[in-house]
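Asks: Residue strings, one per chain:
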Amino acid sequence: MNTRKILAGAALAVAGTLALGGCAAGGGSGQNADGSVTLTLWHNSTTGDGKKYWEDTAAAFEAANPGVTIEIQAVQNEEMDGKLQTALNSGDAPDLFMARGGGKLADIVTAGQAMDLTDKISADAKTALGSSLSAFEIDGKNYGMPVAVLPSGIFTSQDLLTAAGVTAAPKTIAELEAANAKIKATGVAPIAVGAKDAWPAAHWYYNFALRACSKDVLDSAAASRSFDDPCWLKAGEDLQSFLATQPFNDGFLTTAAQQGAGSSAGLLANHQAAMELMGAWDPGVIASLTPDEQPLADLGWFPFPEVSGGDGEPGAMMGGVDGYSCWVNAPAQCTDFLNFLVNKENQEAYAKAFQTLPASSEAEGAVTTPALKSVLEAYAKAPYVSVWLDTLYGQNVGNALNVAVVDMFAGKGSPQGIVDAVNAAASR
Amino acid sequence: MTTQLAASATDAGSRRPAGEGAHRTPSAGRPPARRRLENWRIRGELAILLGPALVVFVSFVILPVALAAYYGFYKWSGFGTPVDFVGIRNYVTILTDPAFHEALGHNAFIVVGSLVLQGPLALGLALLLNRKMRAQSLIRVLIFVPYVISEVVVGLGWGLMLQSGGALNGALEKIGLGALRADWISDPALAIWTLLIIITWKYIGFAVILFLAGLQGIPEELSEAAAIDGASYWQIQRHIVLPLMGPTIRIWAFLSIIGSLQLFDLVWIIWGQYVASTAGTSTMATYMVANGRNAGSFGYGSAVAVVMFLISLAVALVYQRFVLRRDTAGALTGGTT
Chain A
1 MNTRKILAGA ALAVAGTLAL GGCAAGGGSG QNADGSVTLT LWHNSTTGDG
51 KKYWEDTAAA FEAANPGVTI EIQAVQNEEM DGKLQTALNS GDAPDLFMAR
101 GGGKLADIVT AGQAMDLTDK ISADAKTALG SSLSAFEIDG KNYGMPVAVL
151 PSGIFTSQDL LTAAGVTAAP KTIAELEAAN AKIKATGVAP IAVGAKDAWP
201 AAHWYYNFAL RACSKDVLDS AAASRSFDDP CWLKAGEDLQ SFLATQPFND
251 GFLTTAAQQG AGSSAGLLAN HQAAMELMGA WDPGVIASLT PDEQPLADLG
301 WFPFPEVSGG DGEPGAMMGG VDGYSCWVNA PAQCTDFLNF LVNKENQEAY
351 AKAFQTLPAS SEAEGAVTTP ALKSVLEAYA KAPYVSVWLD TLYGQNVGNA
401 LNVAVVDMFA GKGSPQGIVD AVNAAASR
Chain B
429 MTTQLAASAT DAGSRRPAGE GAHRTPSAGR PPARRRLENW RIRGELAILL
479 GPALVVFVSF VILPVALAAY YGFYKWSGFG TPVDFVGIRN YVTILTDPAF
529 HEALGHNAFI VVGSLVLQGP LALGLALLLN RKMRAQSLIR VLIFVPYVIS
579 EVVVGLGWGL MLQSGGALNG ALEKIGLGAL RADWISDPAL AIWTLLIIIT
629 WKYIGFAVIL FLAGLQGIPE ELSEAAAIDG ASYWQIQRHI VLPLMGPTIR
679 IWAFLSIIGS LQLFDLVWII WGQYVASTAG TSTMATYMVA NGRNAGSFGY
729 GSAVAVVMFL ISLAVALVYQ RFVLRRDTAG ALTGGTT
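Taken in sequence, the protein lines are chains A and B.
Under our numbering, think of the first position of the first sequence as 1, with each following residue one higher.
Under our numbering, think of the first position of the second sequence as 429, with each following residue one higher.
Chain A on its own, in the form it takes in the complex (with noise of 0.2 Å):
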């Protein structure tokens, strides 16, 4: 009985490991038996234009360079982080994938997975791309391709706004009050906001915290991860006080971002609200949801509106810049793609087919629509640009500040709530 309990686990141990052992091989990418290279690349356009514009560089990419084959993997852009930090962790990672800076690049870079491209971008992308680099920069290394400048501020459908008779765009919070009391009088909401995703519910409270804090305080901030500084609750303050008028569309606590007519981009596409507070990807999002899918005819812009009794400078963005990195095992080609990227031609083709601002100065040209001129005058006249809040404090703590904001949308939280959520976050 003993003896056969024993040989039965011997049995059971040698098989798990062998199973085990199983598990462990195979993964990894590059380079091929007979010298091709394979990349393969996340990004987060499943739709459209977006998606096409990947597939027509990658071709052209490998059209220039043979032996090289590019596999593109679209995904949704809600599953991107997750997904990215499994794929890391299991050692098979992709070997180009989307990256935004921040605490979250930082993290990625801590853990030694991302490539360091200071020697690996071309001398004439760094003119090019002038300061969007330091986007990418940690610990003076930089670790991503900026491909996209996406400032934030309130895109608005102008044909609404003026039949509330909103003539002037709003300066300051009190006239933004003002001009919503009259869009709701028309009947639609004033604005749309995405607080089933989170981030677009947070982005206001990013944006009263960018009037409310000085910038010395927002990256001190990168680096305590903790909202000692009063002026988080002041933020938290006047977001409540703004909430009080309910300016928002109903049922926003489950309207998402960006899929389908019902999402906040989905509403301003079809007249249903006036205004969205959004970075400069917006206009691409919304033609794809427009009845014809063609770009909004009347959408129109203008920057967050000033809070009296900030820290902040007048005129300063809330934004991000999209880029993308390697994978730390990436092969050589992969750097090759990322300079071919911000040529001033991809550059351009980028700006039109995602209708939003190069990260290239050189390809400003292709920016035509008034909405979007609009953006890049204010985003050449801000003091500073800080980067989204979410994503310069890291994954933890963005997430826990994020939720803590839709908590206060949904009458739930208060100013404190936020400052507590992000400070216990930080312990986990």
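Hints listed in this document are in silico derivations from the structure and should not be mistaken for laboratory results.
All values reported here derive from a predicted model rather than from experimental measurement.
Don't take every hint at face value.
Said to hold, decoys possible - Below, computed lysine-lysine pairings styled on BS3-like, alpha-carbon distance capped at 27 Å:
| no. | chain 1 | residue 1 | chain 2 | residue 2 |
| --- | --- | --- | --- | --- |
| 1 | A | Lys52 | A | Lys344 |
| 2 | A | Lys381 | A | Lys352 |
| 3 | A | Lys344 | A | Lys171 |
| 4 | A | Lys184 | B | Lys602 |
| 5 | A | Lys215 | A | Lys381 |
| 6 | A | Lys83 | B | Lys503 |
Unchecked claim - Computed spacing ranges between beta-carbons, pair by pair:
| no. | chain 1 | residue 1 | chain 2 | residue 2 | range |
| --- | --- | --- | --- | --- | --- |
| 7 | A | Gly365 | B | Asp693 | 54 to 60 Å |
| 8 | A | Glu345 | B | Ile739 | 57 to 63 Å |
| 9 | B | Gly508 | A | Thr38 | 42 to 48 Å |
| 10 | B | Pro492 | A | Gln73 | 23 to 29 Å |
| 11 | B | Ala742 | A | Asp219 | 44 to 50 Å |
| 12 | A | Tyr384 | B | Ala742 | 51 to 57 Å |
| 13 | A | Asp92 | B | Trp621 | 42 to 48 Å |
| 14 | B | Asp693 | A | Asp92 | 21 to 27 Å |
All C-beta atoms in this analysis are idealised placements derived from N, C-alpha and C, irrespective of residue type, glycine included.
Given chain A, work out where chain B should sit, using these hints.
Replies: Just chain B now, kept in the frame of chain A:
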């Protein structure tokens, strides 16, 4: 657990083939060499038959549980080997986090709500469907359909219909009941009830099928005898059918409780990655994914998983010990009790 399983399986396995062997060769003076060969044959058979299942069980159940317990003691962002040992801090944070208390409360609400709503409804439907009537199989199919549809489809469908600008509110408006319009899934006061109703709609088919199977197992003669003795239909159901359905109902309740404790997919699809806690529909599982995987705090998430495991295990054991004991006596306990 594994050794117990292995041991009892070994016993059961050895008893049967050995018995058969004895039957084939009734002579008492069997050569010992052959007996040894027989033993090896049995061991080989066991290794082949049990091996794969045990390997899968150990590598995908036991090992992950052990690893989660290990990671739970670290602050770990998921990259590389965990080094930042924090002892039981993660557990202290979980047990003192109001958001976790809320999630636990929602789980408890769903456990009780599912039992109270689904049990009587499903029993009634099963009794109804057990009688001979027109279109019986069609109705059975219709009731069972929601259970077969994937959770994702159910979540997306209901999510779209119940949005503030969705089909339900539109329909209410059109038939002149505009006053009943509500934010079914985004109003924190309503959302959990909406969830409970969707869950009931989705899983009642399973309960009905289980109960129908239970009803089939009750001999017709008992009802006939009772009817001859003058019992009414309701008296028969109350005093004969219901008591005999006991084991089925208790097993269904067990499955329902465990399912409710681990509820994840429907909530995740309808409320997304972030707003479940805000809408008041978060469960322990959504809390785990939101604060573990999504927040990149894999150590913390693992600790939540362990807490969830222990809670489910405790509930399961208590239920087994006090409720299921009679039903499973002899089946799960190896006939020793």
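Asks: Using the beta carbons of Tyr384 of chain A and Ala742 of chain B, state whether their distance is inside 51 to 57 Å or not.
Replies: Check passed, 54 Å falls within 51 to 57 Å.
Asks: Is Lys215 of chain A close enough to Lys381 of chain A, meaning Cα to Cα at most 27 Å?
Replies: holds, 16 Å
Asks: Take a quick look at whether Lys344 of chain A and Lys171 of chain A sit within 27 Å of each other, Cα to Cα.
Replies: violated, 35 Å
Asks: State, for the Cβ atoms of Pro492 of chain B and Gln73 of chain A, whether the hinted interval 23 to 29 Å holds or is violated.
Replies: holds, 27 Å
Asks: Is the hinted range of 44 to 50 Å satisfied by the C-beta distance from Ala742 of chain B to Asp219 of chain A?
Replies: holds, 47 Å
Asks: What's the verdict on Lys184 of chain A and Lys602 of chain B, does the C-alpha distance respect the 27 Å limit or exceed it?
Replies: This hinted pair holds, its Cα atoms lying about 23 Å apart.
Asks: Within a Cα-Cα threshold of 27 Å, do Lys83 of chain A and Lys503 of chain B meet the stated pairing?
Replies: Roughly 20 Å between the alpha carbons, so the hint for Lys83 of chain A and Lys503 of chain B holds.
Asks: Does Lys352 of chain A sit within 27 Å of Lys381 of chain A, going by the straight-line distance between their CA atoms?
Replies: holds, 23 Å
Asks: Does the Cβ pair Gly365 of chain A, Asp693 of chain B satisfy 54 to 60 Å?
Replies: violated, 48 Å
Asks: Hey, Lys52 of chain A versus Lys344 of chain A, does the alpha-carbon distance stay inside 27 Å?
Replies: holds, 18 Å
Asks: Within 21 to 27 Å: is that where the Cβ-Cβ distance between Asp693 of chain B and Asp92 of chain A falls?
Replies: holds, 26 Å
Asks: Within 42 to 48 Å: is that where the Cβ-Cβ distance between Asp92 of chain A and Trp621 of chain B falls?
Replies: holds, 44 Å
In the structure shown, a violation is registered for the earlier hints numbered 3, 7 and 9, in ascending order.
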